[in-house]
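Take the given structure of chain Z and dock chains D and X to it, following the hints.
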Amino acid sequence: MSRPSNFPPPFSAGDYVAEPTDPADERIEVGVLIVGAGPAGLACAIRLGQLLEEHPELAERLGDVPVAVLEKGKQPGSHLLSGAVVNPRALRRLFGDRLRMDELPSYGPVPGESVYVLTRRSALPIPPPPPMRNHGNWIFSLSQLGRFLAERAEEGGAMILPETAAEKLLVSHGRVVGVRTGDKGRNREGGELGNFEAGSDLVAKVTVLAEGTQGHLTGVALDRFGLRGDDPQVWELAVKEVWKVAKPLDRVIHTMGWPLRTGKRYREFGGSFIYPMGEDMVTIGLVVGLDYRDASLSVHDLLQELKTHPKIRRILAGGERVEWGAKTIPSGGFHSLPQRLHAPGVLLCGDGVGMVNVPRLKGVHYAIESGRLAAEAAFRALRRGETPASALASYDEAVRESFIWQDLYEVRNMRQVFGHGFFVGGALASAMTMSKGRVELGKMRAEPDADQPLLVTNRDAGYPAPDGKLTFDKLSSVFASGNKTRDDQPNHIRIERRVPREVAQLWEHMCPAQVYEVGREDDDGTVMVQLAPSNCVQCGAITAKGGRLTPPEGGSGPEYTAT
Amino acid sequence: MRIAVCVKHVPEGPSHIDPSTKRLDRSGEGALNHFDANAVEEALRLKGDSDTEVVAVSLGPQRALDSLRKALAMGADRAVLVSDDAAAGSDLVATSRLLAAALQKEDADLVLFGQQASDADGAVLWAAVAERLGRPVVSQAMELAVDGSAVRVKRQTEFGYDTLESPLPAVVAVSDAINEPRYPSLKGIMGAKKKPQDVLSLAELGVDAAQAGEQGSRTTVLALGEPPARADARKLEDDGNAAQAIVDFLAEKRLV
Amino acid sequence: MSTLVFLEHHGGELQKGSLGVLAKAAALGDGDVAAVIAGEGAKALAAEAGSFGAAKVWVCEDGEVAQPLPQPRVDVLAHVVEEGGYDTVLFANSVLAADVAAGLAGRLDAGLNWDLVDVELSNGELVGKRPALQDSVYADVGWTGKPRLALFRAGSFDAMPAGGGGPEISEISPSYTAHSTAVKLVGQDAEESSGPSIEDADVIVAGGRGLGSPDNFTLAEELAKALGGAVGATRAVVDAGWYPYSAQIGQTGKTVSPKLYVALGISGAIQHKVGMQSSGTIVAINKDANAPIFEFSDLGVVGDLHEIVPKLTELVRQRRGS
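Residue numbers (my numbering), protein chains in the order written: chain Z, 1 to 563; chain D, 1001 to 1256; chain X, 2001 to 2322.
These are computed hints drawn from the structure, not numbers from a lab.
For every residue, glycine included, the Cβ atom is placed at its ideal position computed from N, Cα and C.
Honestly, I wouldn't trust all of these hints.
Unchecked claim - When the alpha-carbon atoms are kept at most 16 Å apart in a straight line, the in silico EDC-like pairs for lysine to aspartate or glutamate are as follows:
#1 D/1253 <-> X/2189
#2 X/2056 <-> X/2189
#3 D/1235 <-> X/2295
#4 D/1187 <-> D/1077
#5 D/1253 <-> X/2202
#6 D/1253 <-> X/2083
#7 Z/244 <-> Z/320
#8 X/2056 <-> X/2171
#9 X/2311 <-> X/2168
#10 D/1193 <-> Z/155
#11 X/2184 <-> X/2062
#12 D/1187 <-> Z/401
#13 X/2146 <-> X/2083
#14 X/2287 <-> D/1238
#15 X/2043 <-> X/2030
#16 X/2016 <-> X/2048
#17 X/2254 <-> D/1176
#18 X/2254 <-> Z/155
#19 X/2311 <-> D/1239
#20 D/1235 <-> X/2288
#21 D/1194 <-> D/1077
#22 X/2146 <-> X/2082
#23 D/1154 <-> X/2062
#24 Z/205 <-> Z/376
#25 D/1187 <-> Z/29
#26 D/1193 <-> Z/376
What the hints assert, rightly or not - The calculated label-pair distances, taken between Cβ atoms and stated as ranges, are:
#27 D/1159 <-> X/2290: 41 to 49 Å
#28 Z/397 <-> D/1187: 36 to 44 Å
#29 D/1147 <-> Z/320: 50 to 58 Å
Chain Z with its partners taken away, still in its complex shape (with noise of 0.2 Å):
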């Protein structure tokens, strides 16, 4: 059977790697340069804005734009889509006495909480798993937390530009410095229309890459600089709504079984998340391992599936979808972070890189202190009286003795044993976790989800038929994700467009945006890829199995407001 890594995409990480073009009083100056206003970005933005304020003489030789936070999303929070259960001790820590938790906009402390393992018909309740644990959390909509980061960012003195994309790094003599933004105003063919913008030259002393899951540029430095780790990153694709109920859910739920199968050969990891947001909303969502191998399978028709579930079915009743989104996470733990992260010019953050922990399902707080701890690194590179290489080697330092690469190391086979199957793994993981990490089982290594070989089951017969009122298809879903996309835009996903037919339905089924279709099938068995590319969530599920999300024209993609 096919494996979607032997038809790569026609996708080379050196065309996004340039000298400035610009002439040199063209080119856009800033201090410190951040692509991504997600929570590591951001979190990396109020801290500078803390440290210029304690040495204004600093800010003074940065120029006018001391710190500048690049956003594709139309505006922050517009990308931003988790679950969110968040840990408080990176924001504890971020903004000291300057804010209590309760000034931020949060749903309040975890109230409660179950675990179910699901049977089509049953839900069976099993103590929560130690590392599943949640007393002490808050819940969150990050893509609200976003956009009051964002504020308090602005407020510190950091300049947001939303729609604008970082599409180029500049790299001069070796070092980074700065990012070229992408073109606004082109036809489908790449041509210019009337309003057409050319994208322009930042430059900046340190560029800190806080881009999220699939970040582009992220990738683009690991490989042109040489960073990637032993075990290639391997992904998980969440598909999540937030819903208006009638009742208010009165604890945080996780489930693991069905829908996803047990079996090792289908390799099904995964689990659904039910958290309520206040009295009146409640947040749902299905995570799956993009490991998995039955092309048939779809995220979100197996999210639907799941809310046909009688006891999920009871949460939502009398309720009204408000939102949907999807995202991918990286989950391949401490293994698959980089050798290192950082290169000349340039600082690496967040989910970018992968720091996320996946038995406990978190990952924002990590952003939030590597974010923080950039900011620190970046400081001490602007300052004088160190070299920048030092001060940016620091924050690899900060990183490895930080609570974020212990919290990792010790959970850091977790994703690997799941390979095993469900019950397996679960023995395995459950050891894992109890032991706090010291049951070695050998370094595992992940293979990439995109060399997983394909079955193909007729799964997709049992996927309910969208209701419009509980149950949706992908394209209303899209609709609610507030995506208006130009259609008129170039196209910003590489594939190779005609593969095999159980390639194509892969990517069918597995995006959730319904970007990708089965087309014409030839003469030796394989078919053309349709696209759709102004559907596009920009989760980033295609790069993990087997193309390449690129990022389109600023502004683009979803409008999160409650994700």
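Quick look at chains D and X alone, frame taken from chain Z:
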């Protein structure tokens, strides 16, 4: 020359009407009304490289500064926001009154409006404002040229195209066919913050609070409901006569 | 209630839309209903206004209103409202009427509710019905103070002659403000003969993937021609290169609200729906009985469009020819 452009900050994303106030829920994120972007673009085209001043004017909550900054990022020179709690809930009568007061201060040669506000589906503000300013008004402009002290407009009506001329000062509402608004450049976005942005309260504008908001309005929203289901919706299967059935249906509705 | 209706005329005929509003006003049956006609040939049309329900018709044939411009008409209406003591003034939407209504609101500080699709008397109060948020919600709207101005969506009411007798006719010649008479019409061009643009068309025939192939767009084109309308397309077929982007209707294309929308082989995904859901009448032909479009069409036909449409086009041609 001075050109004033009236812009509106409208809610983005799925819109909701707040059932308690029966007004549009403006608490979410907002953006520059895209029809007003046409008006800003036209003002910038008229400005070109000259020292014509383009001023963006708006009435709204503090948040509306975001949209005004977008106009500044596109190239407008200055922004004026009339913002006051007492002005919330202003209808056409109250809004036109407040805008006219702000525009009176600006004393612009040309006042531009966009075609409609995406949140109120077909606003007709410009004619009311022109009346209060005592200025000639031309709407639905698809081409606009300023020649000395007169403006020449090509507009589209139900019957074809009219070419009109008016002396300045005048008010012109542009249609969305007039141009394709430019994307603000990165430099433009970064420079916007430094351009003058004035926020005026009703008192500073010289307007009594009783003249604004619900008090100053002459219309009200009484109730909200579901739209009536399409009455007499019919569905049939083709048995060879569908074409005739369709024609009969259209004839019944006097559509053919 | 004392009502005045603004009637428009073009090419020597009273516009149906405004006659519909007049008929509605008469049907409300509360108090006197008058009409006002301004422009060349107004007097000759007064009698017809009577047969649609006007007990009195004010006419103005001054040179100032010879051109179809709104501001002099504000002067005329302000004068008539004062002379006649009207507490309610009704308009049917048009490019001209919208500006007149809003100008009058500014002149008289009078409340204007626009985009109404209906109006009723409720406990002696006038209540307007107004769709909002792309027709997803209906609002009941009212007025505080008088006069009350209302602008109705085009085509809201049928123009039914009420069989009234000869109305009282009053010729007036008000004074005009300087700013009202400043604008001059210097040129006019008739509609281009290539057919109406999508945004203005009264009829749109739109094609989707169900057409099967780009060549089958001729089915849509022929039907559109027969109906005197424009051709639209869904995003899916534009993406596939079957039809140009300028014809795309939907969330990321154009938003239209013609009197008649014929959807051929269109499933009715929400991205398309939001671009055309406020069309007056929606006819859908699709071979999939479960297509979402049938949930919001006035006439849904489950069948093969390749069979139905050619026959339909022929029948329409015959009917219009006769």
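Here is how each hint holds up against the structure:
1. D/1253 <-> X/2189: violated, 32 Å
2. X/2056 <-> X/2189: violated, 35 Å
3. D/1235 <-> X/2295: Distance ~10 Å between residue 1235 of chain D and residue 2295 of chain X Cα, so the pair holds.
4. D/1187 <-> D/1077: Holds, because 14 Å separates the two Cα atoms, which is no more than 16 Å.
5. D/1253 <-> X/2202: holds, 14 Å
6. D/1253 <-> X/2083: Violated. Residue 1253 of chain D to residue 2083 of chain X sits at ~39 Å, over the 16 Å cutoff.
7. Z/244 <-> Z/320: Satisfied, since the Cα-Cα distance of roughly 5 Å is no more than 16 Å.
8. X/2056 <-> X/2171: Holds, at roughly 11 Å.
9. X/2311 <-> X/2168: Answer violated: residue 2311 of chain X to residue 2168 of chain X is near 50 Å, above 16 Å.
10. D/1193 <-> Z/155: holds, 13 Å
11. X/2184 <-> X/2062: holds, 15 Å
12. D/1187 <-> Z/401: Violated. Residue 1187 of chain D to residue 401 of chain Z sits at ~40 Å, over the 16 Å cutoff.
13. X/2146 <-> X/2083: Holds, at roughly 15 Å.
14. X/2287 <-> D/1238: holds, 9 Å
15. X/2043 <-> X/2030: violated, 26 Å
16. X/2016 <-> X/2048: Cα-Cα ~12 Å, so holds.
17. X/2254 <-> D/1176: holds, 11 Å
18. X/2254 <-> Z/155: violated, 39 Å
19. X/2311 <-> D/1239: holds, 13 Å
20. D/1235 <-> X/2288: holds, 12 Å
21. D/1194 <-> D/1077: The given pair, whose Cα atoms are some 10 Å apart, holds under the 16 Å limit.
22. X/2146 <-> X/2082: holds, 12 Å
23. D/1154 <-> X/2062: violated, 25 Å
24. Z/205 <-> Z/376: holds, 14 Å
25. D/1187 <-> Z/29: Holds - the C-alpha atoms of residue 29 of chain Z and residue 1187 of chain D are around 10 Å apart, at most 16 Å.
26. D/1193 <-> Z/376: violated, 27 Å
27. D/1159 <-> X/2290: 41 to 49 Å: holds, 43 Å
28. Z/397 <-> D/1187: 36 to 44 Å: holds, 37 Å
29. D/1147 <-> Z/320: 50 to 58 Å: holds, 56 Å
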